[in-house]
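As given, the protein sequences belong to chains F, R, S and Y, one line each in that order.
The first sequence begins at 1 in my numbering and counts up one residue at a time.
The second sequence begins at 1 in my numbering and counts up one residue at a time.
The third sequence begins at 1 in my numbering and counts up one residue at a time.
The fourth sequence begins at 1 in my numbering and counts up one residue at a time.
Treat the hints as calculated values from the structure; they're not laboratory data.
Since we're looking at a predicted model, the values are computed, not measured.
Don't take each hint at face value.
Pairs involving identical chains hold if they fit within one copy or between any two copies, as the list cannot separate such chains.
Straight line, CA to CA, 35 Å or less: simulated DSBU-like cross-link-like pairs of lysine-lysine [stated by the list, open to error]:
no.: 1; residue 1: Lys42; residue 2: Lys11
no.: 2; residue 1: Lys278; residue 2: Lys42
no.: 3; residue 1: Lys77; residue 2: Lys363
no.: 4; residue 1: Lys11; residue 2: Lys278
What follows is the residue order along each chain.
4 protein chains.
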Amino acid sequence: MCNGMTGVSPKIGLGLIGSGFMGKTHVFGFATAQRVFDFPFKLDFATVCDVDEASAEAARQSFGFRRASADWRSLLKDPEIDIVDITAPNVLHKEMALAAIAAGKHVYCEKPLAPSAAEALEMTEAAEAAGIVTQVGFNYLKNPMFALARDMIASGELGEIRSFRGVHAEDYMADANQPLTWRHDPAGGGGALADLGSHVLATARFLLGPIVSVMGTCKTLIPERPTAAGSRETATVQTEDVAQAFVNFENGATGSVEANWVATGRKMQHDFEVYGSKAAVAFSGERLNELRFYSMDDRAGLQGFRTILAGPDHAPYGDFCVAPGHQLGFNDLKAIEVRDFLNAIAGQGLVGPDFREGYEVQKLVEMLYRSAAENRWISLS
Amino acid sequence: MCNGMTGVSPKIGLGLIGSGFMGKTHVFGFATAQRVFDFPFKLDFATVCDVDEASAEAARQSFGFRRASADWRSLLKDPEIDIVDITAPNVLHKEMALAAIAAGKHVYCEKPLAPSAAEALEMTEAAEAAGIVTQVGFNYLKNPMFALARDMIASGELGEIRSFRGVHAEDYMADANQPLTWRHDPAGGGGALADLGSHVLATARFLLGPIVSVMGTCKTLIPERPTAAGSRETATVQTEDVAQAFVNFENGATGSVEANWVATGRKMQHDFEVYGSKAAVAFSGERLNELRFYSMDDRAGLQGFRTILAGPDHAPYGDFCVAPGHQLGFNDLKAIEVRDFLNAIAGQGLVGPDFREGYEVQKLVEMLYRSAAENRWISLS
Amino acid sequence: MCNGMTGVSPKIGLGLIGSGFMGKTHVFGFATAQRVFDFPFKLDFATVCDVDEASAEAARQSFGFRRASADWRSLLKDPEIDIVDITAPNVLHKEMALAAIAAGKHVYCEKPLAPSAAEALEMTEAAEAAGIVTQVGFNYLKNPMFALARDMIASGELGEIRSFRGVHAEDYMADANQPLTWRHDPAGGGGALADLGSHVLATARFLLGPIVSVMGTCKTLIPERPTAAGSRETATVQTEDVAQAFVNFENGATGSVEANWVATGRKMQHDFEVYGSKAAVAFSGERLNELRFYSMDDRAGLQGFRTILAGPDHAPYGDFCVAPGHQLGFNDLKAIEVRDFLNAIAGQGLVGPDFREGYEVQKLVEMLYRSAAENRWISLS
Amino acid sequence: MCNGMTGVSPKIGLGLIGSGFMGKTHVFGFATAQRVFDFPFKLDFATVCDVDEASAEAARQSFGFRRASADWRSLLKDPEIDIVDITAPNVLHKEMALAAIAAGKHVYCEKPLAPSAAEALEMTEAAEAAGIVTQVGFNYLKNPMFALARDMIASGELGEIRSFRGVHAEDYMADANQPLTWRHDPAGGGGALADLGSHVLATARFLLGPIVSVMGTCKTLIPERPTAAGSRETATVQTEDVAQAFVNFENGATGSVEANWVATGRKMQHDFEVYGSKAAVAFSGERLNELRFYSMDDRAGLQGFRTILAGPDHAPYGDFCVAPGHQLGFNDLKAIEVRDFLNAIAGQGLVGPDFREGYEVQKLVEMLYRSAAENRWISLS
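Using the sequences and the hints, build the whole thing.
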């Protein structure tokens, strides 16, 4: 799939769509991944696209691409491009991804995969039929502390898993003067649940596996917002500020989820707690290098939640730094995400989350919206 | 109501029913309250009752009462007794309380007030008709940090209140070998929700006011337990290990509640977070002398959750210790509870929680059980 | 030693000198100890003394003593009094204690034992010669978490002890408008080192054993203070606001100590960290129910400081509360201190700190003052 | 100074000496800086040197340099190279830096600048005479939270500064089986004090300014170590495991410093606390995105240490991520360090730490060694 894989220094070409903040973050991820990890090919930052030509050219220079383009379709025909990386608004994801898949490109797409589960499924099935590699940008899952928690759960260290509590709360919509955005338009996929709750659902699945039934509730706490920054004209907010959910897992555990973008004071409260019959783990998103762990195997009188600091014992931390406690940052997680994607392309196994996982999360989001609208539990079938 | 209130040293007589752990805690509360606070009367530790005569006599000596009795009804006719303090099993609360009310005694009763809301209401109406003072033992509410949080909410410091998250999780039932108790018998009032969830509901009402609708779910995660300690015989568990709830408040806020007695590693996770349009507060039960507070009024770049340590600024901390940061303990909260009860008897205003508040909490517990059984939202009216 | 020990209900009589805050705290300790623990005798709150007759009488009523007196010497001749409890200013400690010892009373004395080591030694030798029981009020040492730390060190759980870091910082003198007190008069024993540093030295000895050499430095950061509250007249401050020390332990460990009463924001930073070859413990005075513990025996990748919450595993917590995580308070520690004193009187073994330990701490304080004045290391022998 | 600065896309050429871990970290810093920040020139990764030719070639490919060399002197004559970046062992720093300075190159050198203050001063004076830009790699100083703390101190937010407490403790030498390294040879500059204490001294100076007198003590707690990994042969350790210091600042504040590399459980305890007359700040190296702040200006009853989370308000965080709370990592700090160096080269002002600052820190380290050896206070002048 990569051009020149047989040569001494095979290249893999990257085409990026979108030059905004997420585009920059992806470039950071690719560049860092290449320096930190070993791959059997070298990245070629081929083309960056943006609808605005000047933005594309500026990004080309600043991001270090060889070419700029205002036409994302130009990537599809370019034989030097192996990867199409989509950081455009999510209403465009499907069209772009389907075209890239049809052109045989590997596709890396920001979350959420699509505004609806049906679209996400269409994208997933197309990708699977084409045999290309996909990835969705749930980068919190790439935290080595998440891998540690998941491995402890999977290995039975926690015993039988009993309950999960997950929250993703921020306050970036807490100010009632914050104007309406596309996130307040239901056509974009929804409010706090779609935006932040999807992260918690992805985390829940990552750690505990499939969710089989859900009950949700949504609430819009700021009913009116300005139509634009500083505007005195307001309009009705149509998406939720807070969503809460009960979830039941296939493994028998029970759980709760909260998504909240008006949680004054919270900047990255992507927190979870998992309780098992033998042990428990807890995580706070504002301290991403720490996992708290309580084990009933510890001696009586000496039991307590211990704070495990990320270090070389927690791969791939050691690729970034040889000493523990020095801490990874948010951008480093993106580099790990890129690593998993590139390794999958190199045939070293799929780690995901791929499009199918993006679809599964989207399906849960939709189930929760339906549950909230109909005030009833909904089972996966 | 108190005998001899006109004299120099009027007395108020205490009759205690129950000499177990909670009885001891109440005695601690009365004794400490008397030393720490000023009252217009002196406590007379008159009679302690226990069905077991030997236990009653042992308690008399150890707790410092003048008389012991195996007949709780003896308290009713004793003119030296002004207060009947009930720490007996909660299935007995109603009979004892109604008799004490009929005898014109003030009644202090451990939580939950009664196994059912109907019984709690009957007790409440009898007490109100008799004009006696009542109190229910929700002692977490007596934490000065709770008063601080409530006052900040009431004064508008937090702005419009938007959301509440409350948890009470412990792990005292986490061991599947822990045998069945009366808490596993639905006739006792219920499982984790009745036991621990009632505390969260009391806290939620204390801070945010009335709850108008609820949606709940209950789950028994340990389906079988030994019938007795060490027994190989097991029986089916009939009450829930975990309960989750969505709650809507009269003031427009949304909230969630979790009660969990199998949360491995948690000893006193009575935690809450309250988010308002201007500020937020958060509390952890395992650190009862701390309240975390975030204010949008703090200067940009210097905002953050601050940890307020209990001190003399937070009455009645200063009655226990003149210096901040020295910390109150669980038992001290019981002394504050007693203070409020005695002050109400002395005519200095009712702070509560009284029987009516106990009834309101019990009503919410029942609504949640019905909601969980019927898988639907239930509104108060 | 106790009058009536042969009877069914032997009594032990208490005479308290001082009715201020510490007096109240001691009464709280005696009263609570009697309810929480079992002793082979009953406490008789015989007489409370205060130089001011009205204060003594008020204390009699409020504290629940049988008699009040303005003459502390009256306690000495009273055969009903077994214990003389001294909470008067520390310049009076020696005279009172020596008289009480001469009268054959057991003596409980607030810290510091005396303004000078010489006086403390005189008191110690008199007490030892008389064979009476003594105790000094270093109540932080009574925290069950301290006992846990000391036992872990003593049992070899931490391996060879290598280093100690201890701090006691508060901010009650941080305001430069805070007027001069007896603590600013060197005759009272010294400043932050004598007041707060003595606690750290007591803790260091409690945990690691004897200190063999010290090097100290003292600094007065607020050179002038008002002579009285609100006064515009100021005078030179003659005691230190901050003291720092290096200490070497007999066991080979190295350590540091800081005492600081102008540490803005600190209310009870009585913190310590002890590092051993196999494990470490850390404690923060503002969270007295927690001990942090790191063990190299924990599995690689799962190591971290764990927070042990005080509970029934940590005697005598269970005498106060049957459930873990409910938290003891500052006043409860005083009750534990009283327990140890009463148990020693009952012949159940000396726990201390007794007068000799009070002397040892005072000796270190003086060595540090001398070291600071002479800018040199000082060894014990 | 830069070749081609007049053109549209001027370049600045980088020559790196050393291809080990620090070399990789520096490359990460340069590469990330270039993507994250804007500079008036483009970096040219010209040549990487390593004494081992194969290592140099491997680094060339992996780090993305154009040329590899086994001869660091080749950089000096290369007109395409503007910057010489030294990550070689510190005994080589002086020779390399003096040669680079003589060749008119800007010099970026890892800490410590040199094993002795005399050498550091020679390097400093040569650089200043040549007018080239220098920088020493004290990257902790580049944390936006450090800048925040320093700015608060400088602006008077904390009032008069009274005391400083600084620690750098790790446990990477805690295992007595850890063999001897160059750090155990005094010729390398010293032990824990030179290695870790230098960071605390740099932090102290960064925050509070010049230190005018010091008193130190050093202790070797593990007297013998294996001469090589797994070897049964041991030799005497000649550098200290723990160093403690008292320091007095020019501004009148007092302080203490601890360096400890056998602090079991500590991975990055680079902690400081600064107390002023109006406010205080505290920092923990294991949570590099947080600064704790206590202000007496907060309302009574609502005061407490607040945790400020790094965000876009704390430049240059926003260049890495648009949202607060997402967290920077250790490697990101290196990119900020590079930014300051490149900006200085571009004539946008010197931020440092430059060679002179490296010399000042080294001078303090030496003063402390002398103080410890001679058991006395040493003043700067």
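Hint-by-hint comparison with the structure:
Both within a single protomer and between protomers do Lys42 and Lys11 lie at most 35 Å apart by alpha-carbon distance, with minima of 5 Å and 23 Å respectively. Taking the closest pair of Cα atoms, Lys278 and Lys42 never come within 35 Å of each other, the shortest separation being 45 Å inside a single copy and 45 Å across copies. Taking CA atoms no more than 35 Å apart as the test, Lys77 paired with Lys363 passes inside one copy only; the shortest distance there is 32 Å, against 63 Å between copies. Taking the shortest alpha-carbon separations for Lys11 and Lys278, neither the intra-copy value of 48 Å nor the inter-copy value of 50 Å comes in at or below 35 Å.
In summary, the numbered hints that this structure violates are 2, 4.
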